[in-house]
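Q: Protein chains in written order, with the working numbering: chain A, 41 to 350; chain B, 41 to 350.
What the hints contain is simulated information worked out from the structure, not anything from laboratory work. It is possible that part of the hints are untrue.
[What the hints assert, rightly or not] Distance condition first, Cα-Cα at most 20 angstroms in a straight line; then the derived EDC-like pairs of lysine to aspartate or glutamate:
| hint | chain 1 | residue 1 | chain 2 | residue 2 |
| --- | --- | --- | --- | --- |
| 1 | B | Lys71 | B | Glu105 |
| 2 | B | Lys325 | A | Glu158 |
| 3 | A | Lys346 | A | Glu67 |
| 4 | B | Lys325 | B | Glu312 |
| 5 | A | Lys325 | B | Glu158 |
| 6 | B | Lys71 | B | Asp344 |
| 7 | A | Lys71 | A | Glu99 |
| 8 | A | Lys71 | A | Glu113 |
| 9 | B | Lys325 | A | Asp157 |
| 10 | A | Lys346 | A | Asp59 |
| 11 | A | Lys153 | B | Glu322 |
| 12 | A | Lys346 | A | Asp80 |
| 13 | A | Lys325 | B | Asp157 |
| 14 | B | Lys346 | B | Glu312 |
| 15 | B | Lys153 | A | Glu322 |
| 16 | A | Lys153 | B | Asp216 |
| 17 | B | Lys325 | B | Glu67 |
| 18 | B | Lys346 | B | Asp157 |
| 19 | B | Lys153 | A | Glu113 |
All of these numbers come straight from a predicted model, not from anything done at the bench.
2 protein chains.
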Amino acid sequence: MTQTTGLSGVFSPVLTPFDAAGRPSAERFVKHCRWLRNQDVGLAVFGTNSEANSLTVAEKQQLLEALLAAGVEPSALMPGTGACALPDAITLTRSAVQAGCAGVLVLPPFYYKGVSDEGLFRYFAGLIEGVADERLRIYLYHIPPVAQVPISLDLIDRLLDRYPGIVAGVKDSSGDWNNTSAMLERHAPRGFQVFAGSEVFLLRTLRGGGAGCITATGNVNPGPIVELFRHWQDADADQRQAALDATRGVFQRYPMIPAMKAAIAWQSGDAEWRHVRAPLVELDKAQADALCAELEKVGFNMPDAKSLAG
Amino acid sequence: MTQTTGLSGVFSPVLTPFDAAGRPSAERFVKHCRWLRNQDVGLAVFGTNSEANSLTVAEKQQLLEALLAAGVEPSALMPGTGACALPDAITLTRSAVQAGCAGVLVLPPFYYKGVSDEGLFRYFAGLIEGVADERLRIYLYHIPPVAQVPISLDLIDRLLDRYPGIVAGVKDSSGDWNNTSAMLERHAPRGFQVFAGSEVFLLRTLRGGGAGCITATGNVNPGPIVELFRHWQDADADQRQAALDATRGVFQRYPMIPAMKAAIAWQSGDAEWRHVRAPLVELDKAQADALCAELEKVGFNMPDAKSLAG
Chain A
41 MTQTTGLSGV FSPVLTPFDA AGRPSAERFV KHCRWLRNQD VGLAVFGTNS EANSLTVAEK
101 QQLLEALLAA GVEPSALMPG TGACALPDAI TLTRSAVQAG CAGVLVLPPF YYKGVSDEGL
161 FRYFAGLIEG VADERLRIYL YHIPPVAQVP ISLDLIDRLL DRYPGIVAGV KDSSGDWNNT
221 SAMLERHAPR GFQVFAGSEV FLLRTLRGGG AGCITATGNV NPGPIVELFR HWQDADADQR
281 QAALDATRGV FQRYPMIPAM KAAIAWQSGD AEWRHVRAPL VELDKAQADA LCAELEKVGF
341 NMPDAKSLAG
Chain B
41 MTQTTGLSGV FSPVLTPFDA AGRPSAERFV KHCRWLRNQD VGLAVFGTNS EANSLTVAEK
101 QQLLEALLAA GVEPSALMPG TGACALPDAI TLTRSAVQAG CAGVLVLPPF YYKGVSDEGL
161 FRYFAGLIEG VADERLRIYL YHIPPVAQVP ISLDLIDRLL DRYPGIVAGV KDSSGDWNNT
221 SAMLERHAPR GFQVFAGSEV FLLRTLRGGG AGCITATGNV NPGPIVELFR HWQDADADQR
281 QAALDATRGV FQRYPMIPAM KAAIAWQSGD AEWRHVRAPL VELDKAQADA LCAELEKVGF
341 NMPDAKSLAG
């Protein structure tokens, strides 16, 4: 099996814009992806912060097709393709691989809780054997606070033993630095790319030999995050990290997805950006006003944000 | 909006049989549903114990069509139609209503955790308005140990206020009698049908004015459960309940879904019944042998089980 160098850098789980009727807005989605690419952010479309599990398989395929038709380069794409139903994961992953996407980010099946590593191994093995394409590069998506189904260190060992090259890395959204650190020590030496699940851990991850981060706030604060990635060995790296943490801290005081959408609505002047799909709820006016005031205080600014308007 | 009398009785979240290649076995599914109907058990197909979230939308639609084509009466059907993506829930619910199903059992969207009642209200409202059919009868599926997203008493009030008649009842799989009891006191007087999520609570639920139970072990021990439903006011009801609890207790010492499938494989003589879909794992031989030995001790027997073989 071909071993290739994995992905690295700053990726964003791209927000999915909806229109007033609740339909995905492919137009705004393409614009947002272009804006992110202009700032050298990779596109982890269909992640948690993309409301991916609130989208149907067909909606995800249509959005991916819209990006490709608009000329977004597949080498910058790492779509989320995990699903509770293995055949859905195979369908989405196959579409991504055939489109030439650089990798896929795969949630474990997340309905049943307390499942065994053997069961999760069979799921990932079933996905890999089902897609049956040497170009496949899987990034495991460890996000126990939301999925409630962890991907253990032992499971990663077992997948790397059985599918070297195909199992390419991880996004660690545990929020537990000890876990990221363990992956860096145990799996990174095998060519396994470890991405922090938040830019809060970006500097520590890079210092530990990791690949970068895949982070929600990449949607709204990409420039400074990418700058830290580029200059992490510079003397001012800790200072840059502190600035990132301050901006992140503001968003984390609100429900993250509605808050990021409110920030884009504000900066782009396009109120349609506020829409989310149930069970999420958009920020109310008081919350949005408070958010914007807090963001102004930390010097938040999205360059060329008008280009995001639908 | 028309008010009708809701469903009552014993329902089973029907196990979904798979073949060796992991495909749903429509043949065994139809046989199992007929066997359950012969014992007067209602068919809550596509529930948690049906591995419903491991099935695609298309697989569920095909299995439902197979049942209808085989002459299973839609008035006995309460398919699970909840999904993380609202459009999927609308598609599945619409199919069920158009097929004449008596009701649908609806999980809340279960990926995001800690969501608000407002967000969940919007989900159920979006489903009801999206299906837009007066025949729709929704049974809310409260199963916090698995979904990790509860349906609160306040949310039920709000849904009953807005959609009386359409919001018809609940399956309470919280395992918390205080919660079931609160629903019986607060919502049952409004014509809301409260089903216990396990036969362990069947007698208490009926004594409290509830509608019955929707229970996993209805798949394998239907006769005695239905007998308690029929004779719950008889002098020997507590004794019957104790016997049900003993059989249930055996299954609960194993992973429930693989254990029920192992029991059917044993009783029917059809080893194919053991298959589950990842992330679940079938019982190994030692576990299956131990289960069968324990079941023999409590006098477990599935009448006419040979009819379940594929």
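Q: Now tell me, hint by hint, if it's right for this structure.
A: A quick look at each hint next to the structure:
Using a Cα cut-off of 20 angstroms, the hinted pair B:Lys71 and B:Glu105 holds, with the two alpha carbons roughly 14 angstroms apart. As the CA atoms of B:Lys325 and A:Glu158 are separated by approximately 16 angstroms, the hinted pair is consistent with the 20 angstroms bound. For a cut-off of 20 angstroms, the pair hint linking A:Lys346 to A:Glu67 stands: about 14 angstroms separates their Cα positions. Of the pairs offered as hints, the one joining B:Lys325 and B:Glu312 holds, with about 14 angstroms between alpha carbons and a cut-off of 20 angstroms not exceeded.
With a C-alpha separation of about 16 angstroms, the suggested pairing of A:Lys325 with B:Glu158 holds against the 20 angstroms cut-off. Between the alpha carbons of B:Lys71 and B:Asp344 the distance comes to roughly 11 angstroms, so the proposed pair stays at or under 20 angstroms and holds. Under the criterion of a C-alpha separation no larger than 20 angstroms, the hint pairing A:Lys71 with A:Glu99 is consistent with the structure, at around 17 angstroms. Only pairs whose Cα atoms come within 20 angstroms are accepted, and A:Lys71 paired with A:Glu113 is accepted, the gap being roughly 14 angstroms.
Restraint check for B:Lys325 and A:Asp157: the C-alpha separation of about 19 angstroms stays at or below 20 angstroms, so the hint holds. Between A:Lys346 and A:Asp59 the CA atoms are separated by roughly 17 angstroms; this keeps the pair inside 20 angstroms, and the hint holds. The straight-line distance between the Cα atoms of A:Lys153 and B:Glu322 is roughly 16 angstroms, inside the 20 angstroms bound, and the hint therefore holds. As the CA atoms of A:Lys346 and A:Asp80 are separated by approximately 18 angstroms, the hinted pair is consistent with the 20 angstroms bound.
Our distance criterion of 20 angstroms between C-alpha atoms is met by A:Lys325 and B:Asp157, whose separation comes to about 19 angstroms. Annotation: proposed proximity of B:Lys346 to B:Glu312 holds, straight-line Cα distance about 13 angstroms (limit 20 angstroms). This hinted pair checks out: B:Lys153 and A:Glu322 have alpha carbons roughly 16 angstroms apart, not beyond 20 angstroms. This hinted pair checks out: A:Lys153 and B:Asp216 have alpha carbons roughly 18 angstroms apart, not beyond 20 angstroms.
With a C-alpha separation of about 25 angstroms, the suggested pairing of B:Lys325 with B:Glu67 is violated against the 20 angstroms cut-off. Of the pairs offered as hints, the one joining B:Lys346 and B:Asp157 is violated, with about 47 angstroms between alpha carbons and a cut-off of 20 angstroms exceeded. A threshold of 20 angstroms between alpha carbons decides the hint, and for B:Lys153 with A:Glu113 the separation of about 33 angstroms lies outside it, so the pair is violated.
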